[in-house]
Amino acid sequence: MSKIGKLPIELKDSITVTITDSLVQVNGAKGELSYTLPKGIKITKEDTRLLVAREKDSKELRAMWGLARAQVANMVTGVDTGFERKLELQGVGYRAQVQGNDLVLSLGFSHPVKFSPKEGIKISVADNIITIAGINKMLVGEIAAKIRAVKEPEPYKGKGIRYVGEIVRRKAGKAAKAVGAK
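Each step along the sequence shown adds one to the number in our numbering, with nothing skipped, and position 42 is 42.
Heads up, a few of these hints could be off.
To be verified - No farther apart than 25 Å at their CA atoms in a straight line, the calculated lysine-lysine pairs in the BS3-like style are these: (1) Lys30 x Lys122; (2) Lys6 x Lys56; (3) Lys3 x Lys137; (4) Lys86 x Lys151; (5) Lys86 x Lys114; (6) Lys122 x Lys86; (7) Lys114 x Lys146; (8) Lys56 x Lys42; (9) Lys159 x Lys86; (10) Lys157 x Lys86; (11) Lys146 x Lys159; (12) Lys86 x Lys3; (13) Lys137 x Lys86; (14) Lys137 x Lys122; (15) Lys171 x Lys159; (16) Lys45 x Lys30; (17) Lys114 x Lys151; (18) Lys118 x Lys56; (19) Lys171 x Lys151; (20) Lys174 x Lys151.
By construction, these hints were calculated from the structure, which means they are not laboratory data. Predicted model, so just to flag it, every value in this text is computed and none were measured.
Using the sequences and the hints given, assemble the complete structure.
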């Protein structure tokens, strides 16, 4: 039995949920999100809680049960408080700046790298820390991963783009260089 799927989703007074057939719409202070439930999954509203249930017991439905509950819970959290990911630039001469809505990265390439965020995503930069914020958790994580993929941290000097708090394991250089080549 899914440990995640059977948990109720608590709703605050400022959040309204509309359920029509398999479409769930969540409205809150920060915006509106919608999600189409997989076949065999039902959602019901009781007072200030949402309960997710499955029609029958099968391996596929058990997996979808937990997924659907997590997606709806993330929507409720997103329209209430929102989500954010922070990335850190490390390296000499590595810079990030916001021009209009676009993020412009100078990472030692022969050209600057530009990112145009999707609708609903806000990017800001302060002291080589890039903050990606929005109400859709999946979209915020996807944009952060794409920005990080431009210049992942390398293991020898640690230069690159990393999540704040991410630990990059460092490797030693060539042993022959340290001892002296023959």
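- [ ] Could you tell me which of the hints above the structure violates, numbers in ascending order?
- [x] Violated hints: 12, 18; rest satisfied.
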